[in-house]
Amino acid sequence: MKKLINYLFFTILFSGIAFSQQITGIVFDSETGSPLPGATVVVKGTDVGTNTDFDGNFVLPNVGMNSIIVVSYLGYKSKDVEVVSQNVIQVSLVSEANALDEIVVLGYGVQNSKKVSGAVSSVSAESISKLQPTRIEDALQGSASGVNIITNPNPGAGATVIIRGISSNSGNAPLVVIDGVPQSLSDLNALPPSDISKIDILKDASTAALYGSRGGNGVILVTTKSGFFNQPVKFTFNSSYGMQQVLKTIDVLNATEYASILNEASVASGGSLIYPNLSGLGEGTDWQDSVINDAPLSNQNLSISGGTDSSKYYLSGAFSGTEGVVAGGAKSYFDRLNLTGNFTSKINDKLTAVFNTTYTNIKGSNVNPLNNALNFDPTVPLLDNNQFGISNTITQEIINPLAQLNDTYNKDNTNKFNGKFEIQYELIDGLKVTSRLGYTYADVFNKSFTPLRFYGVGHNQTTANADLTPIFSTDPETGEVTQLYHNSVTESKNNYWQATYEIFGNYNFQINELNNFDVVLGYSIYKAAGSGVSATQEDILENSWEFADITAATGTQEQARIGNYQYESRNLSYIARIDYDYNEKYLAAFTIRRDGSKNFGNENKFGYFPSASVGWIASSEDFFNLKNVSFLKIRASYGTVGNDTAYPQYSRISTFPKYVFNGSINTGSTLLTIPNNALSWENQIQQNYGIDLRFFEDKFSLSTDYYIKSVDDLLFNPTLSGYLGIPQYPIANIGSTETQGIDASISYNNIFKNGLSISASATFSTFDSKVTAINNGEKYIWLSGYGIPYKNLTRFEEGESPGYFFGYVTDGIFQSQSEIDNHANQPNAAPGDIRFKDLNGDGVIDDLDRKKIGDPFAEYTIGFNFNLEYQGFDFFLTTYASIGNDIYRAYERNLNYTNRFASSLDRWRGPGTSNTEPRATFIDSNNNLRQSDRYVEDGSYFRIRNLELGYSLPKSSFDTIGIDKVRIYAQAKNLATFTEYSGYDPEISNGVFDTGIDRGTYPLPRIVSLGFNITF
Amino acid sequence: MKTIKLFLTLFIIFSFISCDDYVDYDAKEDYQVVAEDYFASESDFEAALIGVYDVLQWTTYNVMIGDIASDNSLCGGESATDVIGLQRIDDFLTIADNDQLDRIWRYMYEGINRANYLVENIDKLDSERKESLYGEVYFLRAYFYFELVKFFGDVPLFVDRRLTASDSGTLKRTSVAEVYNQIENDLNSAVLALPSAQSERGRATRSAAQSLLGKVQLYQQKYDEAASSLEQVIGVFGLVDDFGSQFLRQGENGVESIFEIQHTNTSNWYDWGFVPPGTEGNFMIIHHGIRGYSGPVYAQGWSFNLPTQELVDAYQVGDNRKDYTILDIESFSNANGASYTTGYEHTGYFNNKYIPRAGETDAQPELNYLTNYRAIRYADVLLMAAEANALKSSPDFSKATNYLNQVRERAFGNSDNNLVFVSQDGLVKAILDERRLELAMEGHRFFDLVRTGQASSELEGFISGKHELFPIPQTEIDISGLTQNPGY
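Residue numbers (the working numbering), protein chains in the order written: chain A, 1 to 1016; chain B, 1 to 488.
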């Protein structure tokens, strides 16, 4: 409003300088090309003005050549246009939502991106809405440089998000801040992407230091949508429906192949033929096929936004439903409902109140039977006498995947509220004080049921007779009869909430017109708490999910189990930031945060996190005249941030120890934990050097950063001397890492005269993380592993990259006994077994002959987005490439009677038959199955992530009924993936340090969907 | 400037609203008992003592290795890599990086630290119970140190307090002789402090301390002392008539049992990542079960610790102990219509003394077998006393022969197979052979072979000067800078 008043004022003041000439023009939306009726067009410095008509046209009489016309429209950015000819003037206005691109949201304030001297990546609402992700993290993949996203296609599962490398063993998740309120990565799950207006990612210390001890892994700032002042009410409805389809299955043996290998293995081990007659076996059962199905997915959302001159609002409702491509139906799904109301009200000239609330309901159920589908016996039929087919030979772990589906019952239901209440008060011009209370409150309910199950007599997971009646066992001495196994139901109720109260002041002022200051000063109190109760009871009526509730369980008090927990963390922080620029040419910023946390030891409750950055906009210098370079900025920053994955320290007496006297259990005690009073956060020092360039009238832009992050004081559980016994040792700050990397993005934007609009962008990210010290004695810790019995696989080790695969190196197959004799001593090896390399040359193959055999993290990733719009058509393409990430194939169970994989068809069957696949045998005396590079594959891939074609109907066809825009589109996600990897998909996420370990990962489906957007 | 002042004033006002003590922490917030508040009442001492007993239940591998490392049994399991640490021990391919040995080391020291925690706080207790309570503490500490010495030889010795994180890496190995000296001191204290009988089954008694003292002395070839220690127990206990009955549920804590590690099947808490410390059941039992078994009497398990044909053949005809010690699965299945599958190193025999029996577990079945471990039996004491009497400075051969024959008479149900004294060597040989037959599959054989110097002649692959001891865990070498045992 103020601007309008100013214009009015100026137009009155300077009216009357003109000579006659009539000009005409049209005003349209830069994004959609649709005309904007009712836009204001004013000749600058005059009172001459008009509004555009229904088709966006305007006519202005008496306009002088070279005068400036100002075009403005509610919800759009105003634009100045110089009159240079009598031609029709085309004015494209950028909607305010897009205009946000030029504003960067920093913690506790915003800044013009031009003036930013730190490292920030931004993703706009436009690209989020085009990608239609179910989860917001998906939209970041390839769109923001320096951000690695490894998605997990299991419905409802979160992605792994890594910002600028892996600098810690304990926590690598970035901090998520939604509308100024700190949250966690998992809270992103609850937000519908359609409600998001903008995402900014603070990557370097100078920007993240404002979040101090929690900013060490970067900060994702999410801004949700709001209405605009004076905006007529606008309805937006989006709907899409799609089908998910698994494109690739893993090549396992069919029944005949399986039986013949089993025969061979049995005979080789001195046994007899297991399948004397192979002829009738045929293909057998394709277990993968039995559990993988096409599955639907749908998204609907409706939003209403608008505003008066003193208030604005945004209301939305969104529903997203996904069924799993594996299992599907009631066994595997994720449904999310959101209701959002964001209100802003100007109470008077100085006081503004903001009230945002989102309610979320998430329901889901989860099961992944792929491990069983890949390993189960193919000679077993799906059903056998109306019961699930049973293997008589597999007696451990692996079961019929359909039976697993049938016997898995779980559901969860989350109800959550989050939002904020904020008051902004403008004390004087340029000085605004903000007081904000942000909150999250969630209740999570889980229930699961374990029925009595039958997978064959003697199978170690069988808990019932074949007719599902309980198994009773009679003590031969006493004649006492006991029921061996019971079904059980477990219910848990969890609650968590967090609240952040912050008060801070932003003061913008100028000194001598050229020295611009932007100062933030404030403090923040944070509290997060949670609690939960769980209970398990046995003996559910009818062995049925229908009765699976503690209410209906008939177990005795002795059979019941209960558990509970609670936690609370508290932080107290003081923040200060000064941004300075001289004439928008020389930039400097200084930030400091003082952070205190309950979780730190008594001697280290508070820490200081300072940072500074400088920038130079060279293109603003008078002497700068590089041809075609329209903008050049050079940046550098240096600072400290932290990572606070510690927990409170105290010496705890545990009452867990128990012993039996007189046949009954007595509760004892022991000192369980030893405190570390010196415990502190992980201190991270970051340097960042960047350059931003724009060429050819800003059509091309390039931004690149080089950074070094070094972390001291990594939090580790030290391995202490064994003669201390097994108490829980305190974590200590005893390790360090260093990460270097490059983020780069390049983009091209152009709107051609004929209305063709093209934008393209590419991002490039690479990092190299190294563990530089671990002072726990062993110099490494195991991070993750796989299998039964459990095999350690990934390590965090001094001198190596974090989370690398550790194992033996294979060197072909022993073709003969003489080859074995000539090799280093490899105990119990026989011809046909794998030859392992004697890496240390000591003549013995043992644990010391292991080394790095792979790295699950990509050497670099490249994202590419391409967008084309022309005459109502739009085309959108995104691709993503991950190069140099290794995968460890851990889904092969390799019991004697489990199914084998296609590679085993090339096995060794005598001298010269194979140098890659070992012999088939039931007695793996050589331990061919040990962790080795045999299971490591190159997981590099190139994926066409998203291909979308849309068409916006001509406005003329429906404007009479009050509709502003109708767009229909077809979209294909994960259209094609190019990779050498033999498993389902090379993108494998289960958490940072499970990355790349394929334990039967949920396959990433192709999704083909149709949808439409209507705005009215 | 005025505005800046105003701004600063506001900021200062708000800063005072919350103070730095907002981030202080008191464990009572989380309803936790902290060490500073503990040992305030006698019940805290009783609880801490139960905490020491608790560790006895984690000696699963200590016992299994006693036979697996010997000629009594093969490791077995599912495959050659199933519990690789035990496989390597069986094959005398042990390396210092051995998960099972690492557990033994840490668990025994956990017991010692828990005992020391009580010793550290001894001055805080003032009650009539004090003497006998500490008698139990000393007995248990001796038990754990003895296990360590048996497996590892020289080990770090500390007795006055529980170690803390700052002690890590500061201790060195103490000679076996000094550790034995401490064990004897503890047991002597225990003998004085403990009652002859306890009202609660499972607690250490004076006889238990005397028996363990005699055993420790026997291990040091102190035959005179051993004989006199063990003599205290002779006649206090007796042999059960039916050899096999003492290994059944009904026979637990019977007349022959001097010290028995207690288990129950009533604990329903479990976490596979925290076994055996998390269960009150006997985790050893499932290891010995028949793979894929379906049938009466027994229950299925993991087919470890499989008796060898050689052991089976060592029993004379008429020796009742054979069938109670060894289950011949083929003949049993044929007779009872049971079925089973075979695992690695299948010998056809299973450990019938400690085997999953139907109806003896509950909740998570693998973890909750109720079977107690008979740590010290009277038959063991008789044979040890026989050995000590035969070898002491003034041997008493008739006593030795008598004790030996008590055991044999019970085994055969008659005196037809009693031995007649011929020579000292012959008697000692006969006693040691009898120990094998009487105590087979109870975890004694390997250590008996080593202490009597027979290991290298009896065990294939055994290297003298190396395999008498197991390697100190590699992590302990790396972290604590301890020296390794010879040959590893």
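One should not assume that every hint holds.
[Stated by the list, open to error] The list that follows gives simulated cross-link-like pairs (lysine-lysine, DSBU-like), each with its CA atoms no further than 35 Å apart:
#1 115(A) / 627(A)
#2 791(A) / 130(B)
#3 852(A) / 172(B)
[As the list claims (entries may be wrong)] Some chain A residues judged to face chain B by a derived CB distance under 7 Å, without partners named:
#4 421
#5 458
#6 660
#7 662
#8 672
#9 674
The hints are simulated quantities; they were obtained by calculation from the structure and are not laboratory data.
Using N, Cα and C, we set each Cβ at its ideal position, and we do this for glycine too.
Verification of the hints:
At most 35 Å may separate the alpha-carbon atoms for a hinted pair to count; residue 115(A) and residue 627(A) meet this at roughly 23 Å. As the CA atoms of residue 791(A) and residue 130(B) are separated by approximately 47 Å, the hinted pair breaks the 35 Å bound. For the hint linking residue 852(A) to residue 172(B), the alpha-carbon distance of about 34 Å falls within 35 Å, and the restraint holds. With a cut of 7 Å, the hint placing residue 421(A) at the interface with chain B is violated, because the nearest CB-to-CB distance is about 17 Å.
For the restraint placing residue 458(A) at the interface with chain B, the shortest Cβ-Cβ distance is roughly 4 Å, inside the 7 Å limit, so the hint holds. For residue 660(A), the interface hint holds, since its Cβ comes within 7 Å of a Cβ in chain B; the closest pair sits about 4 Å apart. The restraint placing residue 662(A) at the interface with chain B holds, with a minimum CB-CB distance near 5 Å, inside the 7 Å limit. Against a cut-off of 7 Å between C-beta atoms, the interface hint on residue 672(A) is violated, since the closest Cβ of chain B lies about 10 Å away.
Taking 7 Å as the C-beta contact cut-off toward chain B, the hint placing residue 674(A) at the interface holds, the least distance being around 5 Å.
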